[in-house]
Amino acid sequence: MGFFIVQVLTGLSSAAAVFLVASGLSIIFGVTRVVNFAHGSFYMLGAFFAYTFTSHLTSVVGFWVAMLLSAIAVGLIGVVVEILILRRVYQAPELFQLVATFGVILVIQDLALLVWGAEDLLGPLAPGLDSTVNIFGTLLPEYDLALIALSLIVLVALWFLFNRTRWGCLVRAATEDREMVGALGVNQTWLFTGTFFLGSLLAGLGGAAQLPKGGASLLMDFEILAAIFVVVVVGGMGSILGAYLAAVLIFEFNAFGILILPESTLVLMFLLMAIVLILRPWGLLGKPEAPGQLGQVGPPELPYQSASRPLRIIGILFVCFLFSLPAFADDFTLVLAIEMLIMSLFAASLHFAMGPGGMVSFGHAAFFGGGAYAAALLVSHANAPMEVAMLFAPLMSGVLALIVGWFCVRLSGVYLAMLTMAFAQVAWSIVFQWDAATGGDDGILGIWPSAWASDRMAYYYLTLIASVGGILILRHVLFTPFGYAMRAVRDSAVRSESIGIRVSRQKWLAFAFSGFMAGIAGGLFVFSKGSVFPDEMAIPRSFDALIMVLLGGVKTLWGPVTGASVFTWLHDEISRFEYWRLLLGTLIIAIVLAFPQGIAGFFGNWWHRLRNKGI
Amino acid sequence: MSETSLQITGLSKSFGGVQAVMDVSFSLHPGELLALIGPNGAGKTTCFNMLNGQLKPDSGSVMLFSKETVGLKPADIWRLGVGRTFQITATYSSMTVCENVQMALLSDRQQLMSFTRRASRMYRPEALELLKQVGIVEQEDRPCSTLAYGDLKRVELAVALANNPRLLLMDEPTAGMAPKERVELMALTADIVKERNLSVLFTEHDMDVVFAHADRILVLNRGKLIADDTPENVRNNPEVRMVYLGTETEEIAHA
Amino acid sequence: MLNYKNWLSGMLAGIFTVGLAVPAFAGGTIKIGDINSYKRLPAHTIPYKMGVELALEHINSAGGVIGKKLELVSRDDNGKPGDAVKIAEELVSKDRVALISGSLFSHIGLALTSFAGQRKVLYVAAEPLADALVWAKGNRYTFRLRPSTYMQAGMLAEQAAKNPAKRWATIAPNYAYGKDAVAAFKKILKSLRPDVEFVAEQWPALFKIDAGAEIQALSAANPEGVYNVTFGGDLAKFAREGKLRKFFDGKLILGLLTGEPEYLDPLKGEAPEGWLVTGYPWYDIKTSAHNAFRNAYEAKYNDYPRIGSIVGYNTMLGIAAAIKKAGSTDTEALVDAMEGLTYDSPTGSITYRKIDHQSTMGAYVGWTALKDGKGTMVNWTYRDGAGYLPSDAEVRKLRPAN
Amino acid sequence: MLEISNLNTYYGRAHILTDLSLNVQRGEVVALLGRNGAGKSTTLKSINGLVQPESGSIVFENESLNRQSAHVVCRRGIGYVPEERRIFTDLTVMENLEVGTRPPRKEFPVWTPERVFEIFPNLAEMRNRPGGQMSGGEQQMLTIARTLMGNPKLVLLDEPSEGLAPVIVQQMAKTIHDLKREGLTIILSEQNLRFATKLADRAYIIEKGVIQYEGTMDDLAADEDVRNAYLTV
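Protein chains in written order, with our numbering: chain U, 1 to 615; chain P, 1 to 255; chain E, 1 to 402; chain F, 1 to 233.
Treat the hints with care, as some may be off.
Below 25 angstroms or equal to it, Euclidean Cα-Cα: the simulated DMTMM-like pairs (lysine to aspartate or glutamate) are [what the hints assert, rightly or not]:
#	chain 1	residue 1	chain 2	residue 2
1	P	Lys180	F	Glu224
2	F	Lys180	F	Glu98
3	F	Lys198	P	Glu68
No lab work stands behind these hints, which were simulated from the structure alone.
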């Protein structure tokens, strides 16, 4: 009895901090449509600030003042980020802002290291709440009850704020139609800033509130990210109560799940998410997303045209250059070039789904890593030669994408994106935790190319032909009826249905094809590195691909290739510096501010203007 | 009764307890232009979406050329020969005018899974022919995103005609057009109907258009069919005047 | 503690500080390629690098080896094995390093192991613990210094076997290291004490422990002894919840690595008391060699050494000894020299075994206690690694033929 | 009251409004006539700041509105009723009105929900109904009511009769007529000449972004050539 109650309460208290952070994310997304990847960083900052403040304010009252101060401090940092960066890119094509938030993650990581040092910081016990209560013979820390109370207080306060105050009313209106709110005399600039303040404040409060349960560490930012995204999506985007229910559901599921299946941690959460979204595609309390809310703003895309003669010549010259590269490049340049080519193909495959296909995937690494693992497993378990394994890689990621796609394509916009991330996390969790088959975290080693390709130059040519070929195939498909039908479905689903296009099937096959092509990149990758690890399926790898596509420009076919090359090269150059994350983050933010259409998008427009002037 | 294109019996649909369409029955004959009018929110678009398969009715039957279509998907219903235009034009903004029509032709010829040829070169002459019929062939290569609204309506018509439909469903075909364009478009539609012996079911708020072109008029109010009659009788129906047409006596003098 | 006093100047200096000191290939130096997760887990890797640099300072001030100075070319692997392999390629082909060394994470160590075998480059793994590194995935070109998971689990199992506790529970992060650590412990303990039974296993996700729920689940099984493999933030949460919920009372708790300063120190006054752990009681090691190391370290950095520091220091001593023994920086000669290499270190004599390239560096096993509001190890003994490795016959089965 | 001169507006590369000039006197209802795509909506959006004109000047009550964002224009006293209605569907009627509420202005009547409900009695019966569950006609009423809550001096009405049943159009005409009697100045964008004729004092005819005709409603009624050229069947 006591055990059961305590386990329930423990689940509720674990849910509390995650709910606080997730509600902030949900609010920010609802109003500003920014998918704030940096939300985890705000959570981390909350914990660090709280650590500093509580070390000075040690009384009972002081502790709670410190919590509040930390939340406000993080809220103000959110305001700074919003004013300095995001405010300037709201007009950019949707999702582009998340590149900026990715830059913010990098900057905050290094700044936190500079300010608070490398060591994990253990939080103090909450003064006055540092003991336990006895519930039918089982002990429960008092602070757990405080956390539960805090989460409920915040839940009620948010409800009151949104439903009983003018500001809340304006925010809800802005969630639906921000432009109209502006036309009614509301300064939406400050409404956005205010929203960002509130959202960041909640992230900071979550980070501060969990301090007595754990502490502050530099790894907190990415560790909470998946959890809060899951909570927001399971609860339903924009629903605060939904986020609360989702957090409770997930952590109760976990608290009792580990009693029955101790090894099911990680997978449980994502499995629950997949189940909820299959049954209720818009989350527990969410509403269907209006069509075209993601990736469909900005100036309309122009019809496809065959490459003009000058562009064709430039392209051919560039490929010739790539073919002659080994003649004058040193060994390492080839290594870097191999990686750039592989990443270009990976990014191009994602672009195929998210640009012309209109299906943004936050989990594309599943197919990249899936291909890599398929090849590696075939080599390590069946002793297959490289040639066979490389063909097997895209087939298996294609099959994986067919399975994932079957669930995902019924959704759209950010829900689709989140569901792909959930499936990618399921795939990652399986690979990470099922070490009997996959070697788990220790990966699969010794996956080296066949003798003829083991020379670096030979492997470079293999990669060059496969990647450039793959990218050209992706491009070609866009011009075929299949590619047109895919774009048709994106442009107008109702029109497509009414001229006999099977919308879901078209999206499904397009998604699978995109996964198939990512698998080629994965196969090339594993043989270039000689090993594969779960990291290749993890969230940061998916983010990499997303950043590459957006950085290059989602509206042009050459955006992903440009983005992948620039990002890979920059990463390699900059990581020689000690505080490279700070530098890379700043640089990414600078690129975002300078090229809101993406790099290739920017030069594409520039080229267009040049041509129109008749030069 | 002569052969019917469309026979609707007892069609009903509700959303979360709100009865949007209630026990609606009517029929449509080849060569007939049938107008469906009624106040906003009367259930016209819901009706349309059930005929075209986007919504599944709660009850009732839709017989299309003597074939039950309830439960079929829009794509299947399209294959039975139903073209559709939308209240808010639904075209492919990232494609040219001609490509929009080519899409419908590609779908009609079952070429959507083709990975070999370039789509923009397939069935182009047929597409141009359709564009000529609706009078915008000279805009063939313009992106749809840059077209004037009235022209988009014509593109939609060309797209809807691509699979040689026997029934056209047109949801407010002239909404947002200037008076002159409205008349032109409806005259064009009437010509095509005559030439191909089509049936047309359309909704419309412009009474000039309705009374000028409809052979018969259905009036929906709060989900119920309150009239199914000739234009003249509908015009004089007191209930219709009260809920929809209004009375000229409320005319405000020009101040 | 905040070090924001000079963080601004530090930041400006830091951004523009290039990791590699001298770019050109100077004739008078031997370059050592250093790869580590300096950003992903700085609390561990920075002390490591400090130890490495101290050793280089000592070696070079004593005239270097074979007449040349040792020079470190250090790079961050971003915590990603793919990046580590790329950097290794770059260090070898661009910077012309004689060998590569370093790394903390097991999976990165394994990626570099595979790279070393393929490219025939010497790789001296400093800290990664995975057993596979020298056994299942071992190769001619890879050596490892720190006592592996198997060895440290063995040291704890040996002590556990002497305790009357029969009902055992385990808790370990749910990934390769955790699984290895639990499997090794169970195997060794069972062989020493066939009468023990394992009544519960908990597998929290790495760095995502739901500590309250896990403690509850463990206590439901009512064990007498608990073998705990959690570390970092997970350990802090586990220790705190367990203490609050009085879970540890009356039980024998074993903590793998828990006694290492990197894990014990952040717990401050809440460090567990009375756990049997492996670790590094630097404050209490009174040998003259260690005193010299500790004094030099404290003088140079105004900070005390961590486990990473001593591992880094010992790694470089071993590399210097190998180069001296080989008399050249030719990879094959270096590998031959490393096999069976014995050298003296602050923690005693270390041998890189010829049979599996595992060093015999040991670990300290003792009991945790609180002293001046800080966790310490008491009643510890140094366990030489040689005693915790399987027999040669077993090793031959574990390790593929070269 | 409002003086616009030589306005030029672009969407991307497309030139939408060319050297557009118009003026509105206090208390007037001015109709902006023209077919779809002629530039009526763009004119209104250029005035209220949703679209930023490339060049030209907009002066409202002797103060420039050039390059001001929408909320500033609204605060100066120009209300905007969009063609697409853009009701906040998740918000109740009362909440929709709340969003539109601005502080009262001196010398102008102050709108309260109660006064608004006098003009739109059927809205009063559905105060707590979400905007999404209202019919098109009711939504159109709510859009106007919402704008009135901002106590505007001038209202930009974009095609209020579009897509509405004839009976609702008649009600709408009556409502606008009432508002005019309240002293509100209105710019009415319309395609429906009959509707505009009932309400407006003066009219501008716009075609391809250029003002083609300017005159009183009576003049327009008399000028069959103009009507034939730009408006009629």
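Status of each hint after checking the structure:
1. P:Lys180 <-> F:Glu224: holds (15 angstroms)
2. F:Lys180 <-> F:Glu98: Holds. Lysine 180 (chain F) to glutamate 98 (chain F) sits at ~23 angstroms (cutoff 25 angstroms).
3. F:Lys198 <-> P:Glu68: The given pair, whose Cα atoms are some 49 angstroms apart, is violated under the 25 angstroms limit.
Violation of the numbered hints given earlier is confined to hint 3; every other hint is satisfied by the structure.
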